[in-house]
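If you want the building blocks of each chain, they are given just below.
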Amino acid sequence: MKLLHKKWVTIPLLWIITFIVWQIGAWIYGPEIIPGPAATWQGARELLSDGSLMRYIGISFYRVFAGWALGSLLAIPIGLTIGKVTAIRVFAEPFLNFVRFIPPIAFITLFLVWFGIGEQSKIALIMYATLFIVIINTLTGVLAIEEDRIRSARSMGASEWQILLHVVIPATTPYIFTGIRLAMGTSYMAIIGAEMIAANEGVGFLIWNSRLYFRTDWIFVGLISLGLMGFVTDRIVGWLGSKLLFRYGVINTTAFRRR
Amino acid sequence: MLNTSPSPNTITIERLNKSYSDVKPGSSGSLHYIIKDIDLVVKGGEFFVLLGPSGCGKSTLLNMIAGFVSKTGGSLRVGNDEVDKPGKERAVVFQQADSSLFPWLTVRQNVEFGLKMKKMPKDQRQEISDRYIRLVGLFGHESKFPRELSGGMKQRVQLARVLANDPAILLMDEPFGALDAMTRRIMQKELSQIWRETGKTVIFVTHDIQEALLLGQRIAVMSTGPNARISSIYQVPIGYPRDPASPSLNELQRHIQSHFDAELEGGMYP
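Going down the list, the sequences are from chains F and Z. Just so you know, UniProt numbering puts 15 at position 15 of the first sequence, and the rest follows in order with no gaps. Just so you know, UniProt numbering puts 224 at position 224 of the second sequence, and the rest follows in order with no gaps.
Among these hints, one or two may not hold up.
Stated by the list, open to error - Partial pick of chain F residues on the chain Z-facing surface, computed with a CB cut under 7 Å:
no.	residue
1	Ala144
2	Ser155
3	Met156
4	Glu160
Worth flagging that the hints you see were computed from the coordinates, not collected in a lab. These figures come from a predicted structure and were not determined experimentally. Ideal Cβ positions, reconstructed from N, Cα and C, are used throughout, including at glycine.
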């Protein structure tokens, strides 16, 4: 049983079992309800051959990335300000705790009205999905800074601006990073919702549109693409974080799990 | 003290208070004193120890001298200037190195922090940090991060970091309290030596009578708070380096211990 502790054994084994269960399901319920691995592969090849799958993945990824990057860039200074300035925090905190319970998808119609049916409304939606998670994490990070660190910087002659730059931001970096990484997940959820309702391209559109032709195999292709996209981006973000931000205490949780 | 202006690193404290008012509903807002009416003069270049049990207000007093905690009455001057905020001439060595060092900076970068804040050129910074890293015995560890160091080494980094800014006054809040007995003894010896070499004013807070006696020229014993004040000041007329086993030191230790015992029996803790 020692072999079961080895990663190169467990991972392929997991996939083999998944494929077997999947295939059995397909045999029992028929390909219309559950398209098996072969039928899904067939569907994927159709979508790949005319280039639509890669285009949809590219478009969804672009929307997520643009909204997520803009949202994070906006959220970090806001979070730092709310965390640092008590007068602002008093007003901002109840508001944040109110708004963060409104899921992005609830805003789709309003965002369409406000920003039009083009890319803007989707990117704005992802920004919304990103914004509050990153703000709240940044804010928590600022509030968690040890008082002694600020005091020691101050008694070594650092100005308030230098304290922000050289103490507050570095000390908050792990929190900001966690917020950014979590926001990536909610961004994917939001974009699929938006693409299902108002788009004619993207993975969400693919999944939603496939119902018109009753192509459950295409739906499977869409779901698997989503899983892969999320998995790959999360790994990249995690890896970049542990490489670039190691000194700030950001660790790659995958490496952690393996230990 | 008539009209003689004190040396710039003399600390003069007169009738110093720190109080807070009770604002519970129904109460008339009575004042509670953490420390009350403290008078004290610490001369430039002196090694002064504040000794007392935990919760007696000695850290509060130190934080007030550091400028972290504002006074509610009286006067607190460094040289001729009233203290109302932290200043570069008063460096603080904190009890917990883990919460005061910058974990994202290497040993060298930590030591150079204050110099970088005043925009000193890099080669000059390096020269100074080299000197103080050597002084505290961290040569060869410059590019390590605090998390890679032992507790004693982290306190050495803190010491080098404040010394690099060349402050006139060192304020130390139980800096060796979290160290094991052997490391503590080594650090005490080194601090004592650094003090004798640099001639800085040191105010050292501790609850350890032996530590106080090994380091201080004068020891202020604080009464237990609230309403904390300095109940007596002992001179330690013993030359450095001091031997913890010397009879005169032990005699003083017994004396101070009996002072505390008497205070405890005096109904402070019913």
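Consistency of the hints with the structure:
no.: 1; hint: Ala144; verdict: violated, 11 Å
no.: 2; hint: Ser155; verdict: holds, 4 Å
no.: 3; hint: Met156; verdict: holds, 4 Å
no.: 4; hint: Glu160; verdict: violated, 11 Å
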